[in-house]
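Student: Between the sequences and the hints, there should be enough to build the whole structure, so can you do that?
If you want the building blocks of each chain, they are given just below.
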Amino acid sequence: MNYRLLYFASLCDAAGCAEEQVASDALDVSTLYSELAVRHGFTFTPDRLRVAVNGAFTDWNRRLADNDEVVFLPPVSGG
Amino acid sequence: MFAISEAPIDVVRLQRGLEADGAGAVVCFEGRVRNYNDGRAVNGLSYQAYIELAEAEGRRIVEEARGRFEVERISCVHRVGDLALGDIAVWAGVSAAHRAAAFDACRFIIDQVKARVPIWKREHYVDGVSGWLHPDGTSVTR
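Chains A and B are the protein sequences, given in the same order.
Under the working numbering, think of the first position of the first sequence as 1, with each following residue one higher.
Under the working numbering, think of the first position of the second sequence as 1, with each following residue one higher.
Errors might be hidden in some of the hints.
What the hints assert, rightly or not - If you want the ones that stay clear, here's a sample from chain A, every Cβ over 12 Å from chain B, calculated: (1) 10; (2) 13; (3) 22; (4) 26; (5) 31; (6) 37; (7) 46; (8) 60; (9) 66; (10) 69; (11) 73; (12) 75; (13) 77.
Said to hold, decoys possible - Simulated DEER-style distance windows between Cβ atoms: (14) B/37 with A/18: 48 to 54 Å; (15) B/39 with A/57: 31 to 37 Å; (16) B/39 with A/27: 44 to 50 Å; (17) A/43 with B/60: 26 to 32 Å; (18) A/2 with B/39: 20 to 26 Å; (19) A/25 with B/126: 43 to 49 Å; (20) A/18 with B/129: 43 to 49 Å.
Claimed, not checked - Capping the alpha-carbon separation at 25 Å, the derived lysine to aspartate or glutamate pairs in DMTMM-like fashion look like this: (21) B/114 with A/59; (22) B/114 with B/63; (23) B/114 with A/47; (24) B/114 with B/52; (25) B/114 with A/13.
Think of the hints as simulated: they come from the structure by calculation, not from any bench.
From the three backbone atoms N, C-alpha and C, an ideal C-beta is built for every residue, glycine too.
Tutor: Here is the structure:
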């Protein structure tokens, strides 16, 4: 499966890019995050992040489809 | 109305958008860049947003406020990009028939925006270090 990842804030710093195409055997967001956390050295545990797929918030059990856009959202700090 | 803006916030234009014949009260909140946080001197901020989702979540907050409070008009805009001391980072304005609803709705909106909308703040410290801020309010050194 191919996924498009967008990274923001400290996850963008850790990944060294704002977006990337990822080929992965992961079929759900939780597994995908575990893979990316190892590859990029993400230190956030999933309970501190929210996840969005194709521009909408979703949950960590969400099954992924080929070419989904996946975003792991660090704790927000607007305002 | 909720928007993410790369350009400086035009307060006069936003205030005009709150005008309504039945509005006897207008309450506006401006969040501005401050020169310190958590005991460290700050000389600027950068904001980043996941714009598509931030605007959708911001619009949901505005609709929730409409359902909770008797209001006329609501506008909220959040900046992204590099901001200097004193710049307006976020602006929320509400008009209503009476002041209680206007104050309550404005407070609700700014609190929800800070808690939920995918926007991140990077503080630039006077000592040259910068870091992304996390919601517990402590500054970050990487």
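Student: Between residue 2 of chain A and residue 39 of chain B, does the beta-carbon spacing fit 20 to 26 Å?
Tutor: Violated, at about 46 Å.
Student: Is the claim that residue 37 of chain A lies outside the interface with chain B correct, judged by CB distances over 12 Å?
Tutor: 16 Å, holds
Student: Assuming the hint says 26 to 32 Å, is it satisfied by the Cβ distance from residue 43 of chain A to residue 60 of chain B or not?
Tutor: 30 Å, holds
Student: Holds or violated: residue 114 of chain B and residue 63 of chain B, Cα atoms, limit 25 Å.
Tutor: Satisfied, since the Cα-Cα distance of roughly 16 Å is no more than 25 Å.
Student: Would you check whether the claim that residue 66 of chain A is not at the interface survives, using Cβ distances to chain B and the 12 Å cut-off?
Tutor: The claim stands: residue 66 of chain A keeps its Cβ more than 12 Å from every Cβ of chain B (closest is about 20 Å).
Student: Taking the beta carbons of residue 39 of chain B and residue 57 of chain A, is their distance inside 31 to 37 Å?
Tutor: At 34 Å between Cβs, range holds.
Student: Please confirm whether residue 46 of chain A is truly not at the interface, meaning its C-beta sits more than 12 Å away from all C-beta atoms of chain B.
Tutor: Holds: least Cβ distance 16 Å, greater than 12 Å.
Student: Minimum C-beta separation from residue 77 of chain A to chain B exceeding 12 Å: can you confirm that?
Tutor: 4 Å, violated
Student: Any Cβ of chain B at or closer than 12 Å to residue 26 of chain A, or is the non-interface label fine?
Tutor: 21 Å, holds
Student: Is the claim that residue 60 of chain A lies outside the interface with chain B correct, judged by CB distances over 12 Å?
Tutor: 17 Å, holds
Student: Going by Cβ atoms, does residue 31 of chain A stay more than 12 Å from chain B at every point?
Tutor: The claim stands: residue 31 of chain A keeps its Cβ more than 12 Å from every Cβ of chain B (closest is about 22 Å).
Student: Starting from the range 43 to 49 Å, see whether the pair residue 25 of chain A and residue 126 of chain B falls in it by beta-carbon distance.
Tutor: 47 Å, holds
Taken one by one, the earlier hints fail for this structure at numbers 1, 2, 10, 11, 12, 13, 14, 18, 20, listed in ascending order.
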